[in-house]
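Those protein sequences? They're chains A and B, same order as listed. When we follow the working numbering, the leftmost residue of the first sequence carries the number 1, and every step to the right adds one. When we follow the working numbering, the leftmost residue of the second sequence carries the number 1001, and every step to the right adds one.
Treat the hints with care, as some may be off.
Here are a few chain A residues that face chain B, going by a calculated C-beta distance under 10 Å [unchecked claim]:
no., residue
1, Phe-65
2, Arg-96
3, Lys-107
4, Thr-113
5, Arg-114
6, Gly-115
7, Arg-126
8, Gly-130
9, Lys-152
Sample of chain B residues lacking proximity to chain A, with all beta carbon distances greater than 10 Å (derived) [as the list claims (entries may be wrong)]:
no., residue
10, Val-1029
11, Gln-1032
12, Leu-1053
13, Ala-1089
14, Ala-1105
15, Asp-1128
16, Leu-1134
17, Gly-1164
18, Leu-1165
19, Val-1202
20, Ile-1220
21, Asp-1238
22, Thr-1250
23, Leu-1254
24, Thr-1259
It is worth saying that the hints were derived from the structure and are not from the lab. For clarity, every value in this text was computed on a predicted model and none was experimentally measured. All C-beta atoms in this analysis are idealised placements derived from N, C-alpha and C, irrespective of residue type, glycine included.
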Amino acid sequence: MPLAVEFSQVEFGYLPGQPVLRDVELGIEAGEFVAIAGPNGGGKTTLLRLALGLERPTRGEVRLFGEPADSFRDRAGLGYLAQRTHLGVQAPATVREVVAAGRCARKPFGRFTRGDDDAVERAIERVGLGELRNRPLTRLSGGQQQRAFIAKALAAEPRLLALDEPTTGVDVESQEALAELLARLHSELGVTILYVSHEFGAIENVVERLVLVRERIVFDGSPSALPELWHDPSHAHA
Amino acid sequence: MLDLEFMRLAFAAGAIVGVVAPVVGFFLVQRQMSLIGDGIGHVAFAGVAAGYLIGISPVWTALAAAIIGAVGIEWLRAHKQAAGDQALALVFYTGIAGGVVLISAAGALNANLFSYLFGSILTVTRRDLLTIALLGFASLVVVAVLLRALLAVSIDEEGARVAGLPVPILNAVVSMLAALTIGISMRIVGILLIAALMVLPVIAAQRIAWSLRSTMGLSILVGLASVLAGLTVSYYGDLPPGGTIVLAATGFFLASSATEFVRARV
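Work out the full structure, taking the sequences as your base and the hints as a guide.
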């Protein structure tokens, strides 16, 4: 069975001669829950974008479930929560409308089938927003909005869930609730989760594996094996 | 008023425009591209001028110019040759400058030109109505078929890209629909004011709506009511319909803002 994500000798830079990432060698098994951490500007978001095929490596190769990431075919199987996700629309979109937009990856045109509607409802229930399904997102707390976007990513029943800085601007309680939610989704659905964050916070207690990035991968292993000093991501390169 | 053939034609064409403009404008407003209609409208002005100069119907040259303008704006945005507002400014000013030069060269600075700029209730022919109905219906069918994908891109463009939706094509479709809407609306509302009919009903509706679906429904109602009220005032006041229609839409915007204000305090 192919790896969910595979980086082979990857180098990448937005400008010639200024690599953001180099010598990246990384393999993530299907079903793993991995946190990718590191200081701001260390290349962790770039690593996620390469993994999703949003960027092409300058050198080396990135594969998603055995296929080149930038030409990966089953893109509906990728759930993605972008950095500082906010509602693109100005009109009052309800939780259900936002989550249904995620199902669009499986059914972009025409009317939803009963199966599509059920998938949307299941995603809403999984994140605990069932009673708020008809409420506009703008009338929810930051934590609830974040859960709605996770439900959106789940609505297409993805194989890989990628979250980029999902706790930015969210209070500590919501961060802990999010970590618990992701741990539950991981055990219930067996989905591969890539969680990018500049801080470990509550997520450290629920991930199986931690990858620290600062231009290169400087640590890859269990969070418990990480030296105490390195728990501060700014020392990740020390 | 409806005993008169030209008023029946104007109302029929206006009703179609009143529905289509807010439906297309909904996606422009959500993408924070409210002014794109203005940019395309000004290119359409150059198209009208070109029509006068080369001696063919300005309606078709304006439609062709609007489509070229829409494609140009989207290309500049998509290829990051210019930020969204800069792309718009470039097309906007080039369009109006080209229009002024061409219209002067054609010696067509006359009242007929004003009917294209600000609309006229006298100029809609049966043939125009048929064209407006066909293109308007086609626009609505395109939106209905692509509705979910267009909403997904509006809600989260990056997420839609990751999920494999053809985002550049969908964005280009919205711009093309805006160009078509301008083409079919210029006889009634006029090139310089049609963008307002795409935007004002939507921003009026979303102040009091409770979902995306209700926003679109209310936008259509406001658009339709604005056109019908504006045409009526235009007829009795002998005023250009573009102005009266847009002022009616502004009235609906003020009314919905007042409703929102009161609701927030009750």
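So, going through the hints one by one against the coordinates:
1. A least Cβ separation of about 14 Å between Phe-65 (chain A) and chain B goes past the 10 Å threshold, and the interface hint is therefore violated.
2. The interface hint given for Arg-96 (chain A) holds, since its Cβ lies 8 Å from the closest Cβ of chain B, which is under the 10 Å cut-off.
3. Proximity of Lys-107 (chain A) to chain B holds as hinted, the smallest CB-CB distance being about 7 Å (cut-off 10 Å).
4. This hint is violated: Thr-113 (chain A) has a C-beta 12 Å from the nearest C-beta of chain B, more than the 10 Å allowed.
5. A cut of 10 Å between beta carbons decides the hint on Arg-114 (chain A): the least distance to chain B is about 16 Å, and the hint is violated.
6. Residue-level restraint check for Gly-115 (chain A) is violated (minimum Cβ-Cβ distance to chain B is 15 Å; threshold 10 Å).
7. A least Cβ separation of about 18 Å between Arg-126 (chain A) and chain B goes past the 10 Å threshold, and the interface hint is therefore violated.
8. Annotation: Gly-130 (chain A) was flagged as interfacial toward chain B, and the flag is violated, the nearest CB pair being 17 Å apart, outside 10 Å.
9. Below 10 Å, beta-carbon pairs count as interface contacts, and Lys-152 (chain A) has one with chain B at about 7 Å; its hint therefore holds.
10. Not every CB of chain A lies more than 10 Å from the CB of Val-1029 (chain B), the least distance being 6 Å, so the non-interface label is violated.
11. Non-interface call for Gln-1032 (chain B) relative to chain A: violated, since the shortest CB-CB distance, roughly 7 Å, does not exceed 10 Å.
12. Every CB of chain A lies more than 10 Å from the CB of Leu-1053 (chain B), the least distance being 40 Å, so the non-interface label holds.
13. For Ala-1089 (chain B), the shortest C-beta to C-beta distance to chain A comes to about 22 Å, beyond the 10 Å cut-off, and the non-interface label holds.
14. With a cut of 10 Å on Cβ distances, Ala-1105 (chain B) stays outside the contact zone with chain A, its closest approach being about 42 Å.
15. No beta-carbon of chain A is positioned within 10 Å of the beta-carbon of Asp-1128 (chain B); the least distance is around 32 Å.
16. Every CB of chain A lies more than 10 Å from the CB of Leu-1134 (chain B), the least distance being 22 Å, so the non-interface label holds.
17. At roughly 3 Å, the least C-beta separation between Gly-1164 (chain B) and chain A is not larger than 10 Å, which violates its mark as non-interface.
18. For Leu-1165 (chain B), the non-interface assignment is contradicted: its Cβ lies about 6 Å from the closest Cβ of chain A, within the 10 Å cut-off.
19. Not every CB of chain A lies more than 10 Å from the CB of Val-1202 (chain B), the least distance being 8 Å, so the non-interface label is violated.
20. Even its closest Cβ contact with chain A, about 13 Å, leaves Ile-1220 (chain B) beyond 10 Å, as expected for a residue assigned away from the interface.
21. No beta-carbon of chain A comes within 10 Å of the beta-carbon of Asp-1238 (chain B); the shortest separation is about 37 Å.
22. No Cβ of chain A approaches the Cβ of Thr-1250 (chain B) within 10 Å, the least distance being about 18 Å, so the stated non-interface status holds.
23. Under the 10 Å C-beta cut-off, the non-interface status given to Leu-1254 (chain B) relative to chain A holds; the minimum distance is some 18 Å.
24. Separation of Thr-1259 (chain B) from chain A is adequate, the least Cβ-Cβ distance of about 14 Å exceeding the 10 Å criterion.
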